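Undergrad: Sequence:
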Amino acid sequence: MFLSGWLAACVTSDGPALIDSRAPGIRVTLPDAPADVGPCLRQTFPEIPDRALTRADIVRIIGAAKVLDRAKTACGARAVAWIEDVRRDLAR
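The opening residue of the sequence shown carries number 1 in our numbering; numbering runs sequentially from there.
Just so you know, these hints were derived from the structure itself, not from any lab. All figures in this text were calculated on a predicted structure; none of them were measured in a lab. Note that the Cβ used here is the ideal one computed from N, Cα and C, for glycine as well. Take the hints with a grain of salt, since some may be wrong.
So the derived label-pair ranges between C-beta atoms look like this [stated by the list, open to error]:
1) Gly63 with Arg87: 32 to 38 Å
2) Val86 with Gln43: 30 to 36 Å
3) Pro31 with Arg51: 46 to 52 Å
4) Ala64 with Arg88: 32 to 38 Å
5) Arg60 with Glu84: 17 to 23 Å
6) Val80 with Phe45: 32 to 38 Å
7) Asp57 with Val80: 31 to 37 Å
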């Protein structure tokens, strides 16, 4: 949500974000962020049943949490790479 909220702030009803508030006629349009990053980062922690947990429950929950952690780490790395590319390509 953070990334999508941050990116949403770049485009207003008046069009792309201003490059410099002293030059309102100059605007920049950022390239789209990787489409899979937002949905990936919005994935939630595995469901934990509201009951006494069995050994199988614990193994399943921990396994799913590890897979989710690795997926979110990869999504975050793609988001950071995109941000670095945008900064490199659009820096003055």
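Undergrad: None of the hints should be skipped; say for each whether it holds.
TA: Hints, one by one, checked against the model:
At about 37 Å, the CB distance of Gly63 to Arg87 agrees with the hint of 32 to 38 Å. Between Val86 and Gln43 the C-beta distance comes to about 24 Å, which lies outside the given range of 30 to 36 Å. One distance hint, 46 to 52 Å for the beta-carbon pair Pro31 and Arg51, holds here, with the actual separation near 47 Å. The hinted range of 32 to 38 Å is satisfied by Ala64 and Arg88, whose Cβ atoms lie roughly 36 Å apart.
With their beta carbons about 36 Å apart, Arg60 and Glu84 fall outside the hinted range of 17 to 23 Å. Hint check: Val80 to Phe45, Cβ distance near 22 Å, so the stated range 32 to 38 Å is violated. Our hint of 31 to 37 Å for Asp57 and Val80 holds, since their Cβ atoms are close to 34 Å apart.
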